[in-house]
Amino acid sequence: MKHIVFTGGGTAGHVTPNIALFSSVKEAGYQISYIGSYDGIEKELIAGQGIPYYGISSGKLRRYFDPKNFSDPFKVIKGYFQAKKLLKKINPSIVFSKGGFVSVPVVLAARKRKIPCIIHESDITPGLANKLAIPSATKVCANFPETLEYLPKNKAVLTGSPIRAELFSGNRIKGLDFCGFTANKPVLLIIGGSTGAAALNNAVRDLLPTLLQQFQIIHLCGKGKTDEAFAGRAGYVQYEYIDKELKDLFAAADLIVSRAGANAICELLALRKPNILIPLSAAASRGDQILNAESFERQGFSYVLKEEEVTNETLLSAVNEVYQNRERYIAAMSESKLNHAVETITELIVKLSK
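The numbering used here puts the first residue of the sequence shown at 9, with every later residue one more than the last.
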C-alpha cells in the first residue's frame, strides 16, 4: 500500500485543508500518517481522524525581536533530525505540506530522503515558513492566480483550496430550525472570526432595527462577544462559535459577511454564497487578508469593505448592494476553475508519488 505523510500546523488554517484531502487520498489507495508539533492545534484536530500522529520539536521563525529567536533555531534543527528519522521509518511515497513552522523541518527532511513533496500555499504571497520550504518542494499548489507570480514557474500549480466535504451536506431547513427562523425571509450570516471583530459587531447591532426589516440574522460574534441586551430579539441569534451546525447555517444563509482568511473565503466560493469581505487590517496582520479579498473582488466573487471603513452606513450600503445583485456574484463564482481542488490535488499526489 502507498503511504503519504501530511504535515502542517500552528493554526486551524494549516490543518483543515489537509483533513479535507484525507478521504479522497484514502480512496486513491494511500495509508496516511501525520507529522505535527508535540502540542499544537494540529494534534487536537487530527486526534479525531483515526490517523497515526507523530510529534516533533518545532520552533517559530519570527520577523520581530524575541529572546526565543535565539533558542528556536535549535528546536527546528532538532525537528529536522526527528523528521528525517520518522520518514525513514514510515517510508512514504510522498509528503504533503500545508505550511506553518512545524512543516519546514519535514519538507527539508523529505528532500534529503529524496521523497517528492507538495506544498500548498493559501495566501496570495507565501508566508515565511513556505518561503523557506519552497526550494525543497517538488510542486507548490496555490489558491489565487496572483500567487503564481511569486512561485518558481516549474513548480507552481493553480488548484484552489481543498474544502471539507461535510460543508456541502448542509441542510437549509435544519439551519433555520436551529436558529428558530422561518423559511419565508432571507438570512444574513455574520462571521466576525474566532476573536470577533468589534467594529463589525457594533455596526451589526446598531443596524438591527433596519436589517431585521429585510433579514433574519445569524451573528457569530467571537469568544466573549455576545451581548445579553440583544438576547431573545426576534429574528436575531448570536453565538460565540459554531462547530458541527456550521454547514447547516451556511446552507440557510442567503448572504454572508466574513473575514477574509484564505480558507474561509474559498469555502464561500465553493458554496457559491454572495458575500461581503472585511479583511483584517494591515496593522493587525501581514496584510494577507487584504490581498485575498482584493483578488476575490477582482474576480467578481466578493464585495470588499475595509475594516477601518466599517460604519453603520457603509455596512448597510454593502448589504443592500450585494443582496440586490446576488445572482451576478453567484454566476461569477459558478464559473471559477478553483472549485475542484480536492480532485486536482489528489491527481497531483498520485502522479508525483515515487
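I should point out that these hints are in silico values taken from the structure, not numbers from a laboratory.
As the structure is a computational prediction, the values presented were derived from the model and not from experiment.
Watch out, some of these pointers could steer you wrong.
[Unchecked claim] No more than 30 angstroms apart at the CA atoms, straight line, and that leaves these computed lysine-lysine pairs for BS3-like:
hint	residue 1	residue 2
1	K120	K163
2	K362	K314
3	K139	K97
4	K314	K139
5	K10	K97
6	K231	K182
7	K163	K231
8	K96	K86
9	K182	K120
Hints versus structure:
1. The suggested pairing of K120 with K163 holds, with an alpha-carbon distance near 18 angstroms, which does not exceed 30 angstroms.
2. Pair hint K362 plus K314 does not hold up; C-alpha atoms about 46 angstroms apart against a cutoff of 30 angstroms.
3. About 27 angstroms separates the Cα atoms of K139 and K97, which keeps this hinted pair within 30 angstroms; it holds.
4. Using a Cα cut-off of 30 angstroms, the hinted pair K314 and K139 holds, with the two alpha carbons roughly 27 angstroms apart.
5. For the proposed pair K10 and K97, the alpha carbon gap of about 14 angstroms is at most 30 angstroms, so the pair holds.
6. Pair hint K231 plus K182 holds up; C-alpha atoms about 24 angstroms apart against a cutoff of 30 angstroms.
7. Restraint check: the Cα-Cα separation between K163 and K231 comes to about 40 angstroms, which exceeds 30 angstroms; the hinted pair is violated.
8. A distance of roughly 16 angstroms separates the Cα atoms of K96 and K86; the hinted pair therefore holds under the 30 angstroms criterion.
9. Annotation: proposed proximity of K182 to K120 is violated, straight-line Cα distance about 50 angstroms (limit 30 angstroms).
In this structure, the hints that do not hold are numbers 2, 7, 9, in rising order.
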